[in-house]
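Trainee: Sequence:
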Amino acid sequence: IEDRENDFSQEIFVSPISRYSIVFGKILGESLVALPQGLAIVIFAVVVGVPFHLANIPGLIVVSLAACLFGAAFGLLVLSNLGSQRSANQIFPFIMLPQFLLAGVFAPLKNLPWYLEIASRLSPMRYAVDLTRGVFYAGLPDFPKVVLDPPIFNLAVMSSMFALFMLLGTLLFVRGERNR
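All residue numbers for the sequence shown refer to my numbering, where the first residue is 1 and numbers rise by one.
Possibly wrong hints are sitting among the right ones.
[Said to hold, decoys possible] Listed next, the in silico DMTMM-like pairs over lysine to aspartate or glutamate satisfying Cα-Cα at most 20 Å (straight line):
no., residue 1, residue 2
1, 110, 149
2, 145, 117
3, 110, 142
[Stated by the list, open to error] Label pairs and their calculated CB-CB ranges:
no., residue 1, residue 2, range
4, 152, 61, 10 to 20 Å
5, 32, 121, 24 to 34 Å
6, 106, 175, 30 to 40 Å
Just so you know, the hints here were simulated from the structure itself, not pulled from any lab data.
Beta carbons: idealized from backbone N, C-alpha and C, even for Gly.
Sequences and hints are given; from them, build the entire structure.
Mentor: Here's what the structure looks like:
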């Protein structure tokens, strides 16, 4: 949205490169910026005594990158029709806060009522959280207690949703730029 407000996105779209390449490059760049923030969280977890298995760290790095890309594509879809930073700041909490609860960020979800199970399955964040838990608890006896779906299923759902979010988000964003 900041690029749109500063007319930077219109300047980029003049180039003879695919719109999808431009948007994916922007998403990849922002995702790589988010990785050091994740590293800070991991360091904090080690400091407070969260038990880590060093063998899981490479998998967690890959999952973190996948979650960043997935979240950025979701953000692109949500924010593609918003015209200002102010409207994004007002709307985005209403989209993200329910996902925190429906994705099981604070506690793993088991035995939800059917209506919350449907809402949870529609929440994109659920699959990223569950994939992260699947990699973190891989090989541990607590795995079946905290992981909802197999990691390969979560990765497949995230990949499908990523492609859909990228396609629709880029179409909406480019259309919004043409109509300005």
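Trainee: Please go over all the hints and tell whether each is borne out by the structure.
Mentor: Against the structure, the hints:
1. 110 / 149: At roughly 11 Å apart (the allowed maximum being 20 Å), residue 149 and residue 110 satisfy the hint.
2. 145 / 117: Given that 20 Å is the threshold and the Cα spacing comes to 17 Å, the pair holds.
3. 110 / 142: Since the Cα atoms of residue 110 and residue 142 sit roughly 14 Å apart, the hinted pair holds (cutoff 20 Å).
4. 152 / 61: 10 to 20 Å: Holds - the Cβ-Cβ distance for residue 152 and residue 61, about 18 Å, lies within 10 to 20 Å.
5. 32 / 121: 24 to 34 Å: Check passed, 30 Å falls within 24 to 34 Å.
6. 106 / 175: 30 to 40 Å: 37 Å, holds
Hint violations for this structure: none, all hints satisfied.
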